[in-house]
Amino acid sequence: MESFTSTEILETKKMIDEQGLDVRTITMGINLLDCANPSLDKMKENINSKIFSLAENLSEIATTIEEDYGIPIINRRITVTPISLILGSLNTIQEIPLEDIQAFNDPFFQKYNIKDPKINQRAIDSCIEIAQCLDNISEKVKVDFLGGFSALVHKGFTRADLCLIQSLPEVLSKTERVCSSINLATTRSGMNMNAVKMMGKIIHQIAMNTRDRNSIGCAKIVVFCNAVEDNPFMAGGFHGIGESECCINVGVSGPGVIRNVVKNQKKVDFETLAEIIKKTAFKITRMGQLVAQQAAKRLHIPFGIVDISLAPTNRPFDSVAGILEEMGIEITGGPGTTAALALLTDAVKKGGLMASSYVGGLSGAFIPVSEDKFMTEAARKNILTIEKLEAMTSVCSVGLDMVCIPGSTPPSTISGIIADEAAIGMINNKTTGTRIIPVIGKKVNETVEFGGLLGKSIIMPVKESSCEMFINRQGRIPAPVHSQRN
Amino acid sequence: MKAIVSVVGLDKPGIVASVSTTLANYNINIIDITQSYAHDFFTMILIVDFENSNVSLKNISEKLKEAGEKIGVFVTIQHEDVFRAMHRI
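For the record, the sequence lines run as chains E and G. Note that numbering that gives the first Met the number 0 gives residue 472 to position 473 of the first sequence, counting from 1, and the numbers run on in steps of one. Note that numbering that gives the first Met the number 0 gives residue 52 to position 53 of the second sequence, counting from 1, and the numbers run on in steps of one.
Check before you lean on any hint, since a few could be wrong.
Said to hold, decoys possible - Mimicking BS3-like on lysine-lysine, the simulated pairs with C-alpha atoms at most 30 Å apart in a straight line are:
hint: 1; chain 1: E; residue 1: Lys387; chain 2: E; residue 2: Lys266
hint: 2; chain 1: G; residue 1: Lys62; chain 2: E; residue 2: Lys13
hint: 3; chain 1: E; residue 1: Lys380; chain 2: E; residue 2: Lys265
hint: 4; chain 1: E; residue 1: Lys462; chain 2: E; residue 2: Lys429
hint: 5; chain 1: E; residue 1: Lys141; chain 2: G; residue 2: Lys62
hint: 6; chain 1: E; residue 1: Lys277; chain 2: G; residue 2: Lys62
hint: 7; chain 1: E; residue 1: Lys13; chain 2: E; residue 2: Lys387
hint: 8; chain 1: G; residue 1: Lys64; chain 2: E; residue 2: Lys141
hint: 9; chain 1: E; residue 1: Lys278; chain 2: G; residue 2: Lys62
hint: 10; chain 1: G; residue 1: Lys11; chain 2: E; residue 2: Lys296
Stated by the list, open to error - Across the chosen pairs, the derived CB separations fall in these ranges:
hint: 11; chain 1: G; residue 1: Arg87; chain 2: E; residue 2: Gly335; range: 35 to 41 Å
hint: 12; chain 1: G; residue 1: Asn24; chain 2: E; residue 2: Ser356; range: 41 to 47 Å
hint: 13; chain 1: G; residue 1: Glu61; chain 2: E; residue 2: Lys173; range: 37 to 43 Å
hint: 14; chain 1: E; residue 1: Pro315; chain 2: G; residue 2: Ser35; range: 27 to 33 Å
hint: 15; chain 1: E; residue 1: Glu59; chain 2: G; residue 2: Gln34; range: 35 to 41 Å
hint: 16; chain 1: G; residue 1: Glu61; chain 2: E; residue 2: Glu274; range: 48 to 54 Å
hint: 17; chain 1: E; residue 1: Thr63; chain 2: G; residue 2: Ile29; range: 21 to 27 Å
hint: 18; chain 1: G; residue 1: Ile88; chain 2: E; residue 2: Ile426; range: 52 to 58 Å
hint: 19; chain 1: G; residue 1: Gln34; chain 2: E; residue 2: Arg212; range: 40 to 46 Å
Please keep in mind that the hints were generated in silico from the structure rather than gathered at the bench. All figures in this text were calculated on a predicted structure; none of them were measured in a lab. Glycine included, each C-beta is placed from N, C-alpha and C at the ideal position.
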């Protein structure tokens with residue numbers, strides 16, 4: 000048989016034992032389009048039986064893979080079809096007159112105030128019931144999160160989209176495992192500014208509804224530009240409409256491993272630095288690919304993609320900002336940070352692409368402030384600011400992530416931050432997301448503790464300048480010139 | 000199926016005996032052993048074959064861990080595919 004050197008074997012062992020290499024998640028994507036039904040009870044029954052029949056053994060099989068391969072698998076998750084796509088069949092939602100929605104989408108028609116679309120409570124209640132049904136079935140099949148309580152509204156709203164969005168403050172305060180995402184812009188179709196305005200208010204309401212828990216509800220929703228269809232990570236994961244009936248996606252992480260190799264190469268040039276990151280990303284991704292293929296085989300479900308995303312945790316070695324600092328940036332957020340992050344993200348993607356033919360999701364590096372100890376520290380020193388984070392998101396793989404701002408931030412300012420972030424994605428043809436938490440009752444520099452993977456952070460200052468007039472304009476920002484690629 | 004056993008700890012008599020007895024008890028064949036030392040630190044890597052054994056990786060992993068604890072070394076076992084995936088193109 001082929002033999003391995005002890006250096007190789009010990010390298011793998013150290014990555015797992017000391018540097019926190021893990022499979023962050025095995026995520027089963029499930030199509031729920033065929034669960035649509037006019038009756039709420041029947042739809043719930045369909046969702047329950049479909050998810051249960053496919054995911055019943057997911058958690059258990061993940062554990063057997065963990066045991067056989069000695070690789071920790073931190074989360075088991077499910078993503079589903081964006082739920083607004085099936086909600087439209089419900090009687091309660093079909094009662095909403097179509098003309099009302101058309102009027103709402105039309106910027107020239109001033110019949111409705113954006114803050115108050117005419118949605119009856121019965122329709123919103125049925126969305127909440129579906130969310131609770133998803134929460135219950137997730138608990139039953141023992142998964143940590145379920146993503147896909149989502150709507151794709153980049154070009155306009157359907158009745159169901161509006162109902163789902165209006166139900167979010169209650170849904171995210173009443174459920175534990177359900178995660179939501181709203182795609183409100185794409186490079187192809189521009190930015191739905193009505194949705195941007197609405198989401199500023201909704202995020203504020205979610206924060207209010209969960210104020211007793213540091214507004215944690217906002218950690219379960221991402222607002223996207225160019226959302227991807229096969230993302231296994233939360234809160235932004237959903238099973239896109241181009242996806243198959245069911246598939247297995249795996250998310251691997253390992254900032255600690257990359258940090259360790261960078262740490263040992265203090266004086267090498269950039270080519271060598273990029274090379275060692277690529278090689279390490281290759282190894283990590285191959286491990287993810289192995290786990291994904293095993294999970295697919297054991298569950299008899301097709302393999303989808305591997306997502307290699309450096310996702311930090313609050314363990315001191317497991318930090319993306321830590322990698323940048325090992326590269327030679329004194330404090331993350333200082334000059335040089337964006338260039339260092341660009342090198343890192345690109346090298347990780349290249350290593351990943353060599354390791355698996357089906358790299359997908361968001362692959363790259365995440366920069367969630369509260370989940371990364373060094374990033375929180377840099378924010379505390381006021382070197383890392385929201386404006387610098389925004390610049391960093393133009394080269395990282397996602398966006399403004401787990402950023403805590405004062406609870407008194409006006410909804411229109413939240414909308415402004417969302418619009419800025421979406422604009423970066425729209426113009427640069429990349430995915431960007433905003434997961435921002437206005438922590439009610441907290442002021443700048445106060446500490447917030449979320450616990451678990453979400454970590455702890457400080458409240459970052461937001462520039463005090465109003466964009467209300469801009470946000471109050473209605474309609475869409477037209478798609479950029481390079482959307483015309485036909 | 001083949002797996003890699005790695006043993007790390009302070010050197011003392013009986014490490015090889017303890018690990019190989021545990022493996023033999025479950026009819027697991029040792030294909031290759033390598034040992035190395037660095038500053039009194041002992042590292043041993045065994046490539047083992049499960050062909051004639053019915054024991055699961057989980058069970059043998061627990062037994063090896065117990066045996067290791069008795070003599071003060073860390074013993075882990077992993078499927079060889081992990082190493083093949085990570086270190087071979």
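Do the hints match the structure? See the list:
1. Annotation: proposed proximity of lysine 387 of chain E to lysine 266 of chain E holds, straight-line Cα distance about 27 Å (limit 30 Å).
2. Among the hinted pairs, lysine 62 of chain G with lysine 13 of chain E is consistent with the structure: their alpha-carbon atoms are about 22 Å apart, no more than 30 Å.
3. For the hint linking lysine 380 of chain E to lysine 265 of chain E, the alpha-carbon distance of about 25 Å falls within 30 Å, and the restraint holds.
4. Distance hint between lysine 462 of chain E and lysine 429 of chain E is fulfilled; the C-alpha atoms sit about 26 Å from each other, no more than 30 Å.
5. Our distance criterion of 30 Å between C-alpha atoms is met by lysine 141 of chain E and lysine 62 of chain G, whose separation comes to about 28 Å.
6. Distance hint between lysine 277 of chain E and lysine 62 of chain G is unfulfilled; the C-alpha atoms sit about 37 Å from each other, more than 30 Å.
7. Our distance criterion of 30 Å between C-alpha atoms is broken by lysine 13 of chain E and lysine 387 of chain E, whose separation comes to about 34 Å.
8. Pair hint lysine 64 of chain G plus lysine 141 of chain E holds up; C-alpha atoms about 28 Å apart against a cutoff of 30 Å.
9. With a CA separation close to 35 Å, the supplied pair lysine 278 of chain E and lysine 62 of chain G exceeds the 30 Å bound.
10. Taking the CA atoms of lysine 11 of chain G and lysine 296 of chain E, the gap is near 43 Å; set against the 30 Å cutoff, the hint is violated.
11. Remark: the range hint 35 to 41 Å for arginine 87 of chain G to glycine 335 of chain E is upheld by a beta-carbon distance near 36 Å.
12. With their beta carbons about 42 Å apart, asparagine 24 of chain G and serine 356 of chain E fall inside the hinted range of 41 to 47 Å.
13. Between glutamate 61 of chain G and lysine 173 of chain E the beta carbon distance is about 41 Å. The supplied range of 37 to 43 Å therefore holds.
14. Between proline 315 of chain E and serine 35 of chain G the CB atoms are about 30 Å apart, so this pair conforms to the stated range of 27 to 33 Å.
15. Look at glutamate 59 of chain E against glutamine 34 of chain G: about 38 Å separates their beta carbons, and that is inside 35 to 41 Å.
16. For glutamate 61 of chain G paired with glutamate 274 of chain E, a C-beta distance near 40 Å fails the hint of 48 to 54 Å.
17. Evaluation of the 21 to 27 Å hint for threonine 63 of chain E and isoleucine 29 of chain G yields a pass: the beta carbon distance comes to about 25 Å.
18. The hinted window of 52 to 58 Å between isoleucine 88 of chain G and isoleucine 426 of chain E is violated, with their beta carbons roughly 37 Å apart.
19. In this structure the supplied range 40 to 46 Å is violated for glutamine 34 of chain G paired with arginine 212 of chain E, their Cβ-Cβ distance being about 53 Å.
Going through the hint list in order, the structure does not satisfy hints 6, 7, 9, 10, 16, 18, 19.
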